[in-house]
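Participant: Model the full assembly from the supplied sequences, consistent with the hints where possible.
Below are the chains, spelled out letter by letter.
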Amino acid sequence: MLLNQFLLLGAFLFATGIYGVLSRKNSVLVLMSIELMLAAVNLNLVAFSAYLSNVAGQTFALFVLTIAAAEVGVGLAIVLLIYRNLRSADLDEVDVLKG
Amino acid sequence: MFFLEQAWLVPLIPAVSFLVVLLLGKRLPKQGAEVGVLAVAASFVLSCGAAVQWIQRVDDAEGGAESALGGVLRAFGRSVGRMASEEAVAVVQPVTKSLTWFQNGLVDLGVGIQIDGLAVMMMFVVTLISLLVHVYSLEYMRDDRRFTYYYAALSLFTASMLLLVVADNTLLLLVGWELVGLCSFMLIGHWWEEQPNSNAALKAFFTTRTGDIGLIIGVIMTFFLVQTATGQGSFNILAVNEAAESGEASSTFLFWTAAALMLAIIGKSGQFPLHTWLPDAMAGPTPVSALIHAATMVVAGVYLGARVYPVFYEGFDIAAGGVNLMAAIGGITILVGASLAFVQNDIKKVLAYSTISQLGYMVMGLGVGAWIAAVFHLFTHAFFKANLFLGAGSVSHSGSHHSFDMKADMGGLRKHMPQTFTTFMIGTLALIGFPLMAGFWSKDEVLATADASDYRFFFILGLVGAVLTAAYMTRCIYYTFFGEYRGGDHAHDHAEAGDELVEHHLADDQEAHGHGAHAGPHESPLLLTVPLWVLSVFSVFAGFLNATAFNIEKFKEWVEPRVVFPEVIHPEFDWGKAILATALVFLGVGIAYLYYWRGAGLVDFTERSSVARAGKTLLVNKYYLDDLYTGGVVGSIKGPVARASYWFNQHVIDGVLNTTGAATAATGNLLYRYVDQGSVDGAVNGIATTTGRAGGGASLLQTGRLQFYALIVVLAVGLFSLALWIGS
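The listed protein sequences correspond, in order, to chains L and E. Numbering follows the working numbering, in which position 54 of the first sequence is assigned residue number 54; successive positions increment by one, without gaps. Position in the second sequence (first residue = 1) + 1000 = the working numbering.
Note that these hints are calculated values from the structure, not bench results. Note that the structure is a prediction, hence the values are computed from the model and not measured. Note that beta-carbon positions come from the ideal geometry of N, C-alpha and C, so glycine has one too. Warning: the hint list may mix true and false statements.
[What the hints assert, rightly or not] Sample of chain E residues at the chain L side, in silico, Cβ under 8 Å:
| # | residue |
| --- | --- |
| 1 | Leu1023 |
| 2 | Arg1027 |
| 3 | Ser1251 |
| 4 | Thr1252 |
| 5 | Gly1704 |
| 6 | Leu1706 |
| 7 | Gln1707 |
| 8 | Ala1710 |
| 9 | Leu1711 |
Facilitator: Pasting the structure below:
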């Protein structure tokens, strides 16, 4: 089994995620990009688990999925509140902590 | 049993009335008077109920004793009760009821009532006279400037006096004792705008307070008395009496306990040498004098003596006969009071000195072991002396333009005020011990017991007192009701008002009282005369409750404690002594009659005889006791101590204070200039400026934009990763 293909796919997904987080204006898209990064991490975990025949990695991937679900829940709630308060989901508008 | 067990209501009702009158009185149609009268009337009804039930209780016990006069009961009676000379006396326990107030260690302090014959008798007397005084004051105090306040104070007084009476422990008694003292102060100084009144109030307060020191010490000592006897200290009156009876405590300790309590009696009951406040207390309104300074509060001392009698009985060894502190004080007081009553021109002061003298009889009675006689005299005296005081009030209200000066403003009032005259005469006869009147029975019993228990000297003192009493009361009657009316229309011409008391009312008396523009002396309205008649009836008939000559001893049966009580003797009625006493009374009246009516032989006696003149001067100056107290005691303390304190204040305290102040100010200036402004402020400001600048720089990084932060994180991670890669 070739580990490289999985790792390349994971790196591609992670890079796409970082790009999304840094460049997208819409906070929902930023959230989705974070999910992409988490998926990339999961992919790496499962790949290494299969490669090394160690179940711990896959178990850990399951945990990450659960945490990701919870994190999306919290993240969407924050987005919703931002929208309610500012009538927009644009992250550039959210700069009240500017020093 | 309801009335006995619920007797705590009797003081509570006037206490509530006090608050109601004080808070709401001014808004009520009668300015609060109706609340006061109703409350006292309710208490009076409850007291009567208690009296009836107590009598039933005693009679039931007596009945039981008679039906089973077997040896068993006799033996039982010996163990729990007291054995009379021949027959077993049924035991009647007092009714007690108490709550725990608070606990301190093992000591349980309670609030409770102890109702026995003595308490019931006092409750009856206090509520009855208080009720009559409340009614009397409706007219007497009408339009007074502090009418509501007056009724509030009367209610508080009644409540406190009843609390004192029903208390089951000495601490509660002390509370009541102090409260009646306070009410006395408030009421003596009722017209405090005039300096003499407010001085009299202060004098009364401070003088009785001197005695109260004794009470506090005495109460503490009784606590330890109980501790010595039972191992567990207590303020409970029954426990105190038991402890005194038990003989566990040393006789020295008992003596000092009794002496401390005796001081309290001397202060409160106007005994020599602290009696000087009582005549001055006449500055208060007359109904107050009748209630507080004749019938109830001043007998609180006698009541205390009767309440913890075993302490006195054992402490002063009364059974031994001869002489003891209590009898001596009482005996001296009889003579001092009676002799001073001769030189007074103020009718209320005559009565006040008479009260002192009669209180002397009571204390002497206790001192010679005549417990029942003393208490009986308290009972009868309350009626006839209240009668006399209210009579004097009636005279001043309607007869002498609110003056109490017998010589200047009275005389001949017999014709104008027949009802007041009759009741006053009845009161006088009762006071001087005219045969079959109330005072005859009680005074005679005091004297008879004094003689029978080896106190012959005090028996003679009492007889002398009786002669004097008869004479000064005859003088008083002469000046007030006989001769020509001297009042005239100059009612307010009191240029020589050195010693006399003029009662002023708010609306300057002319119109406000509705007596047709002061058309001379006239009879008082019903509100004044009805209480007088009620008291007159008691003055005549109260004595028959214990008419020993006819073998009636109901009072003794009902009132004398059956448990924890020393074995006092009860002499048979002695016709010889009674006739002797009566003859002496007639002698006193006769001499005074000859002197005042006939002017026989002794006219200008005091001017012609140097001895008599010296005597009179001594009396007019009240044995110089007032001068001794104000000049000697107060002056010697006031002058030097005040000067010393002033010097100390000016030089020592002020010096220290000034130096300290100056030094502090100088130090403060130095500190301010160099340390505060220079170092501390500099450092603080420096730090603040630096921080501010640093913050300003750092704040450039805080854009508030999320993605900028994310970029920094990514870059940082990238940099660290690069560093790790290069490093490895």
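Participant: Work down the list of hints and note, for each, if the structure agrees.
Facilitator: Hints versus structure:
1. Leu1023: Since the shortest Cβ distance to chain L is 58 Å, the answer is violated.
2. Arg1027: violated, 60 Å
3. Ser1251: violated, 91 Å
4. Thr1252: violated, 89 Å
5. Gly1704: holds, 3 Å
6. Leu1706: With Cβ-Cβ at 5 Å, under 8 Å, it holds.
7. Gln1707: Nearest chain L Cβ about 6 Å off; hint holds.
8. Ala1710: Constraint on alanine 1710 of chain E satisfied, holds at 5 Å.
9. Leu1711: At 5 Å from the nearest chain L Cβ, leucine 1711 of chain E passes the 8 Å test, so the hint holds.
The structure shown violates the earlier hints numbered 1, 2, 3 and 4.
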